[in-house]
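Asks: From first to last, the protein sequence lines are chains A and B.
Per my numbering, the first sequence runs over residues 1 to 432.
Per my numbering, the second sequence runs over residues 1 to 170.
Hints in this document: simulated from the structure, not taken from any laboratory.
Take these hints with a grain of salt, some might be off.
Said to hold, decoys possible - Listed below are the simulated DSS-like cross-link pairs for lysine-lysine, each with C-alpha atoms no more than 25 Å apart in a straight line:
#	chain 1	residue 1	chain 2	residue 2
1	A	Lys43	B	Lys131
2	B	Lys115	A	Lys43
3	B	Lys115	B	Lys131
What the hints assert, rightly or not - Listing some non-contacts, in silico: residues in chain A with all C-beta distances to chain B over 10 Å:
#	residue
4	Leu185
5	Pro203
6	Ala274
7	Leu308
Glycine included, each C-beta is placed from N, C-alpha and C at the ideal position.
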Amino acid sequence: MESHFIGVLGFAIVLALILARMPVAIAMGIVGVGGLAILQPWKSVGFLLGTQPFEAVYPYSLSVVPLFIVMGVFAAHAGLSRQLYQAVYAFIGHWRGGLAHATIGACAAFGAICGSSIATAATMCRVALPEMRRRGYDDRISTAVIAAGGTLGIMIPPSIMLAIYGLLTETSIGKLFVAGILPGLLGTALYMSAVKASTLIDPKVAPAGDRVSWPGRGKAIAEVWAVLALFGVVIGGIYFGFFSPTEGAGVGAVGALAFAIARRYFDSKKLWDAVHETAGTVGMIFLILIGATLFNAFLETSRLPAILASEIAALGLPPTVVLLVLMVFYLALGCVMDSLSMILLTVPAVFPLIQALQIDPIWFGVLLVTVVEIGMITPPVGMNLFVIQGAGRVPLRTIIAGIWPFIAADAIRLALLIGFPALSVWLPSLMV
Amino acid sequence: MMRRLYDAAVAVARWGGVASLILIVAAGALTVADIVSRSTLGSGILGTTDLVQLLVMAAAFCAIPYGFFADTHVSVDLLTDGLKPRSLAALKGCSALMGALLLVGMAWYGGVQAKLEAGYGDTSSTIEIPKLYYWVWLVGGSAVAAVAAVMVAARHLMVAAGGDDIARRH
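Use the sequences and the hints to build the structure in full.
Replies: Next up, the structure:
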């Protein structure tokens, strides 16, 4: 059997094991080692099994991931999300669907200091869902708005997914972060339009709230100065070249911790929750990185990515057509797979094709993260849907019933990002 | 006996989780100190990159065992949700055993590589920290994670065989 067929077989086995509930990291690692053992003598496999995990964890640029995770965890436990929510609500809460709009706005703002969709969705669920229920919002719109709003955390910088994509493809993480700003804002505006459309169709699902006075608005804004300062320092510092993304992440982590300590938000339970979230997420991400590194070593040995790239390039299809096919592939994959696994499993195989077709890696990164975002709210395996189901104790079918306007908004955003690449690549092109 | 072993392994993994958070915060604090030193004194702290790499390496391998007990390692339950509890436990047990196998391989061959690099006297690029200090976390962390995976496998396989869930208090 030719080596690239063994690569295809390996891919199929990994998917089968993942669907049989094997943790993604273990499935990729085991199949990677098994595949290497077929293609190479055991001595080389042993060498790779010893060195690849080290190479997966050692790079300095990878430090950005745990540091941003810690920043998000401290920000969530320090109550920043509630203050952001109240600040946005003070300005637009009196609109019809105002609380839903405020949730989207607060998700976007919290995403700017968090970097993780699941953390954003879980945090905003605790903050926004009780309030929306109290005001008589229908559970369909209130849960869907949090699930969709949560996905903004994956695009608005700092984005852990964009950082991992940057590490995998050796694309500038700083430029990727800046590239995520306009698509993130576009997503926010489109989600707000989806809320507007839902309230136009059925005004009873999201009644208007009370109008907040101007002094009240001033007070609410004054409460969130720390969040705005933290975001300004971290992303501004990276954008203007004062420090690298890793240094920005360090500043963000320490800044969020200092804020939490200064406001005395920590008690022993919150501290333990912070340990649980940090260790759980960091352990999960690094084990997936190790599994993916072993699997990628196998794929490279099988020469599958190189052959795939040259075969598809030889078809002479326009890059946009290939891109569209890839987006459809990712949308389908997103229905059954979680975002991180999707990126780690497929990018090493797909990226040589992107390079061969001379597609801008920053543009592709933004498109990839957009489709991954859509996957997080697409039934049946939308991770954010499960987060809200668990945290909000709501039946999955209720969330799914309200999610469709937001999926439509995402489809429009994806079309705009494909049609107008400048939305993704213009801001990075201005960077120092 | 098994329950006590399981509890002891959970306790070790929890302390690993605490250490992981502390190490990441230390990496952040060191980075901030480096930036402050660079902008006020004109030169950064020598070896910041090497030390941050060491701290993150240690944090990652302290956190991995915790992920097994906290069940945070990502898996897809789309097709297995409808299975009977004992069948599901058997599936989870087998997955954890495969994980243990992978981690034992990592620890073993990592150890071989660590010994080799220690023999060559390999060091980090700036302040020449022996590479062995980095490898120790990989080898130790993988070994502890392998034990964690074995304990989780034992727990699920005992349930699959009709026994008690030794983790029901966690």
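Asks: Evaluate each hint against the coordinates.
Replies: Hint check:
1. For the hint linking Lys43/A to Lys131/B, the alpha-carbon distance of about 22 Å falls within 25 Å, and the restraint holds.
2. Only pairs whose Cα atoms come within 25 Å are accepted, and Lys115/B paired with Lys43/A is accepted, the gap being roughly 16 Å.
3. Under the criterion of a C-alpha separation no larger than 25 Å, the hint pairing Lys115/B with Lys131/B is consistent with the structure, at around 10 Å.
4. The Cβ of Leu185/A lies farther than 10 Å from every Cβ of chain B, with a closest approach of about 28 Å, so its non-interface assignment holds.
5. At roughly 36 Å, the least C-beta separation between Pro203/A and chain B is larger than 10 Å, which holds for a residue marked as non-interface.
6. Non-interface call for Ala274/A relative to chain B: violated, since the shortest CB-CB distance, roughly 7 Å, does not exceed 10 Å.
7. The non-interface label for Leu308/A is consistent with chain B: the shortest C-beta to C-beta separation is roughly 24 Å, beyond 10 Å.
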